[in-house]
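*Asks:* Let chain R serve as the given structure and place chain G on it in line with the hints.
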Amino acid sequence: AQSVAQPEDQVNVAEGNPLTVKCTYSVSGNPYLFWYVQYPNRGLQFLLKYITGDNLVKGSYGFEAEFNKSQTSFHLKKPSALVSDSALYFCAVRVVSGGYQKVTFGIGTKLQVIP
Amino acid sequence: DGGITQSPKYLFRKEGQNVTLSCEQNLNHDAMYWYRQDPGQGLRLIYYSQIVNDFQKGDIAEGYSVSREKKESFPLTVTSAQKNPTAFYLCASTAGQGPFNEQFFGPGTRLTVL
Chain R
1 AQSVAQPEDQ
11 VNVAEGNPLT
21 VKCTYSVSGN
31 PYLFWYVQYP
41 NRGLQFLLKY
51 ITGDNLVKGS
61 YGFEAEFNKS
71 QTSFHLKKPS
81 ALVSDSALYF
91 CAVRVVSGGY
101 QKVTFGIGTK
111 LQVIP
Chain G
116 DGGITQSPKY
126 LFRKEGQNVT
136 LSCEQNLNHD
146 AMYWYRQDPG
156 QGLRLIYYSQ
166 IVNDFQKGDI
176 AEGYSVSREK
186 KESFPLTVTS
196 AQKNPTAFYL
206 CASTAGQGPF
216 NEQFFGPGTR
226 LTVL
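Those protein sequence lines, which keep their order, are chains R and G.
The opening residue of the first sequence carries number 1 in this note's numbering; numbering runs sequentially from there.
The opening residue of the second sequence carries number 116 in this note's numbering; numbering runs sequentially from there.
In isolation and in its complexed conformation, chain R is listed as follows (with noise of 0.2 Å):
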């Protein structure tokens, strides 16, 4: 069974530091990754995925995020908060089993930007 963990319920950041989201998943075979944003009574939208290949993936808005196979991780960064970065950060993993994809979400941080 796939799982998504997201540690932290909520950070908090100061505007204008970095910030990190993080996110561990456990799966069996290769896992494909993605960054939501969600604010307050909207839908998700995309904002990074790591498919294959280089470990550092950029995204929408100036994040990134850094796939690490060993620690099974896949934190979401941005080098300079904003406050208009404040929302809901949901980690997700996406993987094929018996000819159906499967997608897991974890519960989410709440990210809170401090001006």
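Treat the hints with care, as some may be off.
[As the list claims (entries may be wrong)] DSBU-like mimics (lysine-lysine), calculated; alpha carbons at most 30 Å apart, straight line: (1) G:Lys124 with G:Lys172; (2) G:Lys198 with R:Lys102; (3) G:Lys124 with R:Lys102; (4) R:Lys102 with G:Lys186; (5) G:Lys172 with R:Lys49.
Calculated from the structure, these hints are not laboratory results.
*Replies:* Chain G in isolation, oriented as in the chain R frame:
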């Protein structure tokens, strides 16, 4: 504009009623999904469909039903058998059959049982 639309945005249901949530996409995507979102629980998969006339149960399918008669439409019915249906419901779609494609989400429907 291409995208996913969900209607209504807010829905109120009396106990014992069935209600249907609409999801339409004009992205020409093959796969469509329904998720339920509750505070502190993230997204849980209700049903998914990879092609027309085919769908599979997700992790919490009990009390829900779906149909996929057209590629662009994937309505979700919340039946009276669903004991705690108050939640935020999200529809999503994905292009193609590969696992490496990201999901596109609709704006959601908030269902409240009165």
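*Asks:* If a hint holds in the structure, say so; if it does not, say that too.
*Replies:* Right, here's what the structure says about each hint:
1. Between Lys124 (chain G) and Lys172 (chain G) the alpha-carbon distance is near 24 Å, which keeps this suggested pair within the 30 Å criterion.
2. Only pairs whose Cα atoms come within 30 Å are accepted, and Lys198 (chain G) paired with Lys102 (chain R) is accepted, the gap being roughly 25 Å.
3. Our distance criterion of 30 Å between C-alpha atoms is met by Lys124 (chain G) and Lys102 (chain R), whose separation comes to about 27 Å.
4. Pair hint Lys102 (chain R) plus Lys186 (chain G) holds up; C-alpha atoms about 20 Å apart against a cutoff of 30 Å.
5. Under the criterion of a C-alpha separation no larger than 30 Å, the hint pairing Lys172 (chain G) with Lys49 (chain R) is consistent with the structure, at around 25 Å.
No hint from the list above goes unmet by this structure.
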